Amino acid sequence: MNNLYDKNNRLTVSINTSIEENIKVLDMLFEGCGDVVQKSFFIGDVSGKNMEKRTVNNSDNYDLVKKIKVKIHLIYIDGLTDNQMIEQTIIKPILYEWQQMDLNLKPNQNNLDLWNRIYYVEAQTVDIKEEASFDKTIESVLNGDTAMFVDGYAKTFIISSKKYPLRSITENDTEAGMRGPKDSFNEGIRQSTALIRRRIKDAKLKVEQGVIGERSRTSYAIMYMEDLVKPGLVPDIKKRLERYEIDALFDSGMAEHLMDERWYSPFPIFQTTTRPDKAAAGIVEGRVVIAFDNSPEVLLAPCNFNMLLQASDDYYNRWAVGTFARLIRYMAAFIAITLPGLYIAVTVYHSDMLPTRLLYAIANARSIVTFPVVVEMLIMEFLFELLREAGIRLPGPLGNTIGVVGGLIVGQAAVEAGIVSTIVVIVVALTAIASFAIPNEEFASVFRLLKYFIILTSSIAGLYGFVMGLLIIAIHLSELKSFGVPYMMPAVGGGLKDGAFHNQDFIFRAPISFMKKRPVWARWDNWIRLRNNYIEKGRKKDDT
Amino acid sequence: MILDNGKISERQGFRLGLLENITLGIVVVPFICVSSAGKWHYIAFAIGLLFTFLYSMVFYLFSKAFPHGMIEEMDGLLGKTGRFIDCIYAFRYMIRASLIILFFSVILRAYMLRSFNLWTVIISFILICGYGGARDIEKRGRLIELLFWWMIVPLILVAVFSISNVNWELKSVGENADYSGIFSGAYRMLIIMSSVETLLFTLTKLKKNTWSNYLKTIIWIMISVLFSYIFVQGVIGEKWVGDSPMSALYVMEAARFPGGVERLDYAVIAFWIIGVFSVASGYMFYAKEFLRVAFSKRWNSFEKNEKGEMSNNSIEIVSDKWWTMALVMLFTGLFVWLWNLYDVSGYLTDYLIWFDIALSIFIPLLVLFVKWRKNKMFLTLPVAFLLGSLFFLTGCRNRVDFKRIDDRQSSLEEMDYAVTLSVREVEGILNNDSDNEGRKYKDKIVGGEKRVRGEFLFDFEIADLSDYKGDSEELLSTDDYECMAVSLDDALDMYFEARKNHVDLGHLKMIRLYDQDGEIKNIIFELKNMPSITKSVDVEFFYKDEKEKIKLRNLIKRLYDGEKF
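Chains A and B supply the protein sequences, listed in that same order.
Quick note, the first sequence lines up with residues 1 to 544 if you use this note's numbering.
Quick note, the second sequence lines up with residues 1 to 565 if you use this note's numbering.
Source of the hints: derived by calculation from the structure; they are not laboratory data.
Mixed in with the good hints there might be a few duds.
Facing chain B, according to a computed beta carbon distance under 7 angstroms, are these residues of chain A, among others [claimed, not checked]: (1) 30; (2) 32; (3) 353; (4) 464; (5) 474; (6) 492.
If you're wondering where the values come from, they're calculated on a predicted model, not measured in any experiment.
No residue lacks a Cβ here, since even glycine has one placed at the ideal position from N, Cα and C.
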């Protein structure tokens, strides 16, 4: 068995002209695989005659029609394949309609050999292709296609017959928005590409497909606008995808980490989304979408800090509302990372900064607490993370219960027992709420993580440590790039390209009618995305 | 993908230029000018600004003469000699970085980290500067571009919240000074502003090195320093400015958010760290750039094209090793230690004042000369002298006390919060030479009697928080503590001995000072030097039968005016 594979887990055998040999190989390969369905058929004249004289078109002209008896062999995986479709489009035409079709052949069709006759005449499906490699054939079968071996030919037919068990397209619950489409990607790669294609009906939208994972053979699709994407970006993505040979890839998250050169950085260099509208918007901005089979989240590249704080609603609401929402999110991000550290720095080292009455209140509240401020804060943060993790793992209603029980009862009890003070509960709660306001969950996790780093530095050296901590993060962020685009753009990189107006889509979201140029990462020779027809055509505005 | 070619944008160049050059200037220049030129400080400042402009213009011209960057061209032109000069540059910048780091760390400890050993602050700051400076110019450009508003916004806030503190009526006039004082002040200001030399490197890395880019940067540098200069004078007065190199920090201390944060100075100093980081990491970055070229194993010199122009096609960036920055950090730390030694710091100061600026112009001129002459020239410089100078280190005395300067730090709930502080000068017949605990009194003879001199009665009104329900300060019950001491510092110690808790003076609402025969000024100076006491606190000042209500800041200004108490 093992000698059928090379070290890269690729089949070394070739398709034999003898179907019996091929069946032997298939039996060896799928020994013990109960879900694999195989069946051999004979087509043609089962009586054994080789030639027969027949009239053609009921005339006196006779033609020698070649009567054949050929063995074919079909193989597919039960559960991944549309059985009905195979029966209707392949088995039935070939087995039952063979004779009639043969009699009705036009003269010029008599020259077709068996292979082409099946391909062009018998198979009643468009999605059928030839495959000469045994390895690729098996890969297709494992992907849900049906393979048909024909005796005498060292190649197979691959009939697309995938029918995976899939979730339907449901309402988006991880990136919910008040306005805009509600649909979301599911685990099927074809559904993902279709949902995007439905939004961009342009032949320049390219979908390059491939497979990753030596054993999982996970399909992926790279989607981009041919005339908008910056040269070099797609090859770079492909190169990164091909860099590693991994056993199995079960989610886009694994691919994301494989493609990230800076493994030590907590910040993602891809934007992930389950929203088709967000993915489509990214594509028309010159970005690339990478969809993976079995993953409801697609990757978008390049990506920057600013994008991860944007939500689709920002563009659907009026500019002032969108801008305000973004401002809130930026403030939330700042609070999520700094508030506990700042509280520690101020209360432990610089209480002079506090308003007097607040200081008295904190001092009074802390007078019954056993632990120092830092320990108190860490206890509360740990408690919160515990509740969060428990809430995620438990089924929906139970998860909510844990949140309520934890937040209200345990929190209240902790305060009364003198483990934490009321102010710390407020600080931790506010930090948690702020982190939930970040639209990208992966990004919010980074903030939750870095919060502890700031707590550490602030605990050591007060405001000095606090600023040092922020400075270290800023230094790290400033050196990050996502596929050549500075991560902190547009806060950095201003003026890198003359005429770029990327500041229009920063914290301030300009009115849509002002956003005439594509962002700086789109192709520079195709920048204009919005034209005013009346001004362009030389008419006055009043002409409307 | 976007400008990945070792160049920076105009905005990055501008922000680099501004942050690397205003941080020290806005804090130290007012002190330098007033302390050197007395009441002629405005003239000294104007001349200093002119010097700064001319000095920066020299480097703009150099940047035009070395379009591919002086570091790169120098090594192409001078070969091994160029590498030696690289080392000189690296040491120049490490010396400068070390001085800034030491100065900053001392301030930081005095204001924010009084319970810290100075070395802790210095080492942590060197490490962070090394981390920030270890990148290439593109990353550095992005970093400074990102940090720009972090420093500028707090400064603007200080300006906004300090406007009400500007009081020209209370302006104290400095001492007379001769003409040499004016030029000394101007020249010393130029030394502080000599960081504009780094424009030579940032301008050559710009996408387009134009006159307008340079002009925009230098004008904003000058405007920032001018603005700070006027502001500092207006808030704390000439004499106070001339008395302390930290005068700008007193302005920050005086600034208050209305109804919000009690004191703004901590926050501003915290963000001023970013400015200091920009300067120090900048020097360390340039030192590293010089060292990496100096110790590169492979180096291709510039080639000339058919027209005889220099082409950077053959440039090969080499030796970007981690140890280059490690070396810079190590030497910067060493220089900080050297600055601390009395004798060596004298040499280093003399070097910075009399030699460094000359060197900064002389070397590029020399390289330019070689470039124009189109031949290579071998230079020999006294390496042995530099190495030999290390022998002077032995037996030097310490200049800076690296130990913690205040142990009065405890957790928030263990502090006692003083609401008012009263200090009354006590006068009477001295019966003993010392008090019960053996403290010696100063004495004076008045009318043939030996009388108590320099002793005060301190009265702390401490907020009673045992049943605090959010009442305002007026309704808060208080608890008094009285003691006799020769200074506030002493009184605080006595308080701790008596009550086992430290007193927090950061939330004082009122200070009452009772003056008898002028000795109260010692307490006022002590209040001035105590960073925990905000300078905006109200003072009720009693002199004989008169009572006056005044801000502490203005009282200190009057003290500097020489007003008799």
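Against the structure, the hints come out as follows:
{"no.": "1", "hint": "30", "verdict": "violated, 46 angstroms"}
{"no.": "2", "hint": "32", "verdict": "violated, 50 angstroms"}
{"no.": "3", "hint": "353", "verdict": "holds, 5 angstroms"}
{"no.": "4", "hint": "464", "verdict": "holds, 6 angstroms"}
{"no.": "5", "hint": "474", "verdict": "holds, 6 angstroms"}
{"no.": "6", "hint": "492", "verdict": "holds, 4 angstroms"}
Against the hints set out earlier in the document, violations occur for numbers 1, 2.
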